[in-house]
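Q: With the sequences and hints as input, model every part of the structure.
Position one of the sequence shown corresponds to residue 941 (this note's numbering), numbered consecutively onward.
These are calculated hints, taken from the structure and not from any lab test.
These numbers come from a predicted model, not from an experiment.
Backbone N, C-alpha and C fix where the C-beta goes; we use that ideal spot for every residue, glycine too.
Only true hints are included.
With beta-carbon atoms standing in for the labels, derived distance ranges:
1) 1008 - 1222: 30 to 38 Å
2) 1126 - 1100: 17 to 25 Å
3) 1228 - 1162: 34 to 42 Å
4) 1189 - 1046: 35 to 43 Å
5) 1074 - 1230: 34 to 42 Å
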Amino acid sequence: MSTSRQLRVVAIGGGTGLSTLLRGLKAFVATPAGASPLADPALQNLPALIRELSAIVTVTDDGGSSGRLREDLHMLPPGDIRNCLVALSQDEHLLSQLFQYRFANGDLEGHSFGNLFLAALTGITGDFAQAVQVSSQILATRGRIYPCTTANATISARMDDGTTVHGETSITASERSITELMLSPADASPLPEALEAIAAADLITLGPGSLYTSLITNLLVREIPEAIGRSSATRVYICNLMTQANESLGLSASQHIEKILDHAGTQIFDYALINTAPIGTQTLARYASEGQTPILADLERIRSLGVEPITGNFVHEGEVLRHSYDVLAETILQLALTNAPAALSS
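A: In structure tokens:
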């Protein structure tokens, strides 16, 4: 893949799905003058296809270390942001060990160093979004990271039995299926820099990630879905590999898209990346114990929603089933370059 054209890329989501995608995209970011090359040799010397990379990250987590810091310090939950910082950092291996390190004893038990690092910088700067930007500078990240909102937002879910469950931890612990997700406050304001990044983007992605608690949460922040809907960028939904308990059991790929579009209130996708490669028998057996199955690629139904499916082998099978981040990055960048105006250049 060789071109002189460069893209402004915005990746939206949360959880491990977003950090997986960022890990692949960062290798294509133009290296700033004087900056060191990436530590991983496999990520060096790839074409500089990305001029600017921005991540817009959900901030509704209320569990674990993030939840404790949110309650104790009245700050936004840092966990998903921390994962993105690690994924975009120059020397990911060292920082991953440091930032993901969890204290095992005393009052700090359960806290990760990365979360405490962001908490300290929030205290110094007085602003969580600024703390994230300072962290990015310190860690020499290959992109910018924006919380989708700086409001103290929480989520509630209407379940398939008509009950309402409040808070992300309670939602994910519920045995019912989600039918609708709601944000409180409903008028939570987006970060202006996030809207600016969307407006300038040549490629916008949503996913992979938990359908409701990592993806739809971002679209409940006012102005974000409208900004994506107005964008002339190539807009891509990256579908998960497997269904997920509480969030998407039994849902096909088209039903994932329908749920997202229902909450967005507007068309926000041009393409959907769908895995059609087989998954190993042993891996399937592990996930079957939780009722999880590969997501059905109902391609004609996807097309009927005005979204063109892009199929392929996007699987990486390890201890946990993940997308192959290098294949993922190359596929969506090539898609965007194919659709980009000929005048787009560095």
